[in-house]
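Keeping their order, the protein sequence lines are chains A, B, C and D. So the first sequence is numbered by numbering that gives the first Met the number 0: it starts at 0 and just counts up by one. So the second sequence is numbered by numbering that gives the first Met the number 0: it starts at 0 and just counts up by one. So the third sequence is numbered by numbering that gives the first Met the number 0: it starts at 0 and just counts up by one. So the fourth sequence is numbered by numbering that gives the first Met the number 0: it starts at 0 and just counts up by one.
Please keep in mind that the hints were generated in silico from the structure rather than gathered at the bench. Some clues are possibly wrong.
[Said to hold, decoys possible] A few chain C residues that face chain A, going by a derived Cβ cut-off under 10 Å, partial list only:
hint	residue
1	40
2	66
3	67
4	68
5	69
6	74
7	99
8	183
9	186
The structure displayed is predicted, hence computed values, not measured ones. Positions of the beta carbon are idealized from the N, C-alpha and C atoms, including for glycine.
Number of protein chains: 4
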Amino acid sequence: MKFHAGVDQILKEISTVLERLRSIDIEPVVEQLVKAERIYVAGGGRSGLMARAFAMRLMQLGLVTYVVGETTTPAIGARDVLLVCSASGETQVTVLVSRVAKDIGARVIAITANRDSPIAKIADTTLVLDAPHKGAPGEGTEGTRSVQYAGSLFEQSLLILTDAMALEVARALGKSDTELRQRHANLE
Amino acid sequence: MKFHAGVDQILKEISTVLERLRSIDIEPVVEQLVKAERIYVAGGGRSGLMARAFAMRLMQLGLVTYVVGETTTPAIGARDVLLVCSASGETQVTVLVSRVAKDIGARVIAITANRDSPIAKIADTTLVLDAPHKGAPGEGTEGTRSVQYAGSLFEQSLLILTDAMALEVARALGKSDTELRQRHANLE
Amino acid sequence: MKFHAGVDQILKEISTVLERLRSIDIEPVVEQLVKAERIYVAGGGRSGLMARAFAMRLMQLGLVTYVVGETTTPAIGARDVLLVCSASGETQVTVLVSRVAKDIGARVIAITANRDSPIAKIADTTLVLDAPHKGAPGEGTEGTRSVQYAGSLFEQSLLILTDAMALEVARALGKSDTELRQRHANLE
Amino acid sequence: MKFHAGVDQILKEISTVLERLRSIDIEPVVEQLVKAERIYVAGGGRSGLMARAFAMRLMQLGLVTYVVGETTTPAIGARDVLLVCSASGETQVTVLVSRVAKDIGARVIAITANRDSPIAKIADTTLVLDAPHKGAPGEGTEGTRSVQYAGSLFEQSLLILTDAMALEVARALGKSDTELRQRHANLE
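Construct the entire structure; sequences and hints are all you get.
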């Protein structure tokens with residue numbers, strides 16, 4: 000009983016957050032990812048885990064994708080895209096990484112809950128997921144409420160958003176499910 | 000347009016998967032996690048990332064939690080719980096880890112899309128998320144359909160399930176949001 | 000006093016292990032790495048950390064290199080090389096990964112302390128570092144002794160061996176220190 | 000031939016670096032590690048991998064040890080020790096982490112090649128490995144030369160230093176090899 004009520008509440012909260020995004024905001028992001036020479040993803044904590052889940056899918060779709068901080072991630076360059084994910088938009092490591100990428104001339108895309116955050120200011124393109132965050136617990140900057148621990152709603156919305164974007168990327172690339180499976184890690 | 004249709008489809012698919020779980024199946028799992036001396040989580044690929052997101056939350060809730068394969072994860076023992084997550088339930092590394100934990104006497108909880116899989120057979124307790132997987136692409140074993148890349152629906156449902164379970168764990172422990180925040184990694 | 004005696008002992012032990020390797024065994028390995036389409040490295044525990052240190056250097060040298068188990072590591076193929084490092088040569092995950100790679104047609108190079116181990120049997124090429132291991136604590140299979148915790152001498156010798164091999168790889172590729180620095184991760 | 004000459008050169012370089020450390024500098028570090036409530040290790044790139052190798056050994060010795068940035072690493076507190084490793088001592092993420100730890104009241108121990116670096120200034124205790132680094136390629140600040148790629152000599156010396164320190168820690172704790180093996184990760 001409590002469990003299903005919890006699930007329904009979570010799904011409703013995610014739906015509210017994602018309804019506020021506009022298709023015309025998503026499309027250029029998908030386009031930039033598809034056109035990038037290489038895609039780098041970054042993020043701390045659970046947002047970083049969701050960013051990695053997206054990176055894994057993009058790799059399976061055939062895009063050259065790296066996770067910032069992993070062992071064989073090479074230097075970022077001017078024709079690359081950095082996708083940086085942070086609810087508060089002010090995690091220090093994330094801000095630092097965004098600034099370095101920007102200075103090198105890479106395109107920076109931020110997904111954040113805080114439109115006025117440092118990473119939103121650095122980014123060329125920002126997608127705002129209006130969920131609570133460290134700086135605005137309990138209620139997003141623009142009013143979305145959540146009963147969950149601050150951060151959870153952002154992280155869940157981030158996963159669903161990027162999975163929906165992955166469907167668009169696959170469409171843009173004309174990739175089938177079969178092709179994806181061929182790149183899926185086999186050493187596991 | 001396409002984007003929001005995609006999001007709605009995803010949320011509906013997740014809802015269908017999670018409705019099939021019963022509260023009486025969830026409650027003992029929450030109880031076992033709360034009572035465990037230490038909790039170990041394991042999983043490959045994107046399922047592994049979702050498992051880690053749960054581990055991070057459990058640590059913030061004050062439970063001693065480790066991720067299998069990370070640097071300072073000690074040997075598992077007989078009073079510990081292993082939570083293993085795999086859609087197909089037959090990823091070789093995951094099966095191997097489950098078997099070792101079981102032999103040592105640890106309690107094994109599996110979350111899988113495949114009720115008849117090796118890890119479901121090893122596990123003391125199994126939660127089935129009826130989503131498509133490698134062995135059953137496009138349609139879950141028990142009928143749930145998905146337009147998404149095989150695996151995505153399982154992974155999304157896993158995140159929402161474990162986040163709903165985290166709410167139950169917090170309730171069982173009587174933890175407030177403030178206490179959680181005190182354990183949240185500060186070196187980032 | 001004790002500290003410097005400890006250091007001298009460690010360096011002497013490493014020297015003894017590496018003297019037993021022959022140049023004619025190293026050269027073909029360097030050649031295979033340089034010619035591989037992509038290089039994959041694998042290993043558990045501290046051996047895995049040393050394997051990653053080698054992978055990072057190979058990436059900086061311009062070779063396409065992946066660590067097994069990291070987020071965006073794609074499926075291995077028939078023209079790739081797997082370098083697998085394990086003192087005992089029988090860590091189950093490592094054996095499993097070696098077998099999968101071999102079945103796919105990839106070339107498998109093993110670095111192990113145990114000439115008769117499962118991974119040595121699977122591998123196309125094996126380099127033996129005669130150091131103690133789980134199956135032979137205190138004394139290597141072929142007689143090398145160590146005062147250190149079983150495993151340490153293997154891991155140290157592995158780092159020095161691969162760094163010496165990296166010098167050979169750089170020479171073979173005609174890479175300068177400056178070029179390496181250009182690929183060095185800049186998002187840190 | 001070239002290979003063994005390379006190995007001899009590397010071992011000689013490491014020996015030169017470690018001879019310059021004094022026992023009276025090492026002893027208090029070993030003592031602080033043994034007495035710490037919890038030990039946190041941090042470092043970027045290959046130095047970070049060596050720091051993790053030390054963390055794994057400390058965990059096996061029974062000390063509560065965490066790697067900064069891994070999934071279940073909790074907030075650092077005033078009775079904890081942060082061991083931070085960086086050749087240049089100015090990697091931005093590393094400096095940031097050191098500063099946060101210091102502000103919280105944790106004890107900070109730095110291992111660096113640069114006595115005048117930001118992390119050396121933040122640290123309560125600093126061990127200098129006189130090896131080349133980004134800011135001083137080819138020759139350490141205090142004169143040690145290396146034919147290797149800048150960084151390698153620091154990283155190798157770091158591994159040998161920390162392994163020698165692990166022997167001291169084991170002695171201080173009165174731990175046997177057998178006890179260590181009991182904590183060695185068994186899910187692999």
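Checked against the structure, which of the hints given earlier come out wrong?
No numbers; nothing is violated.
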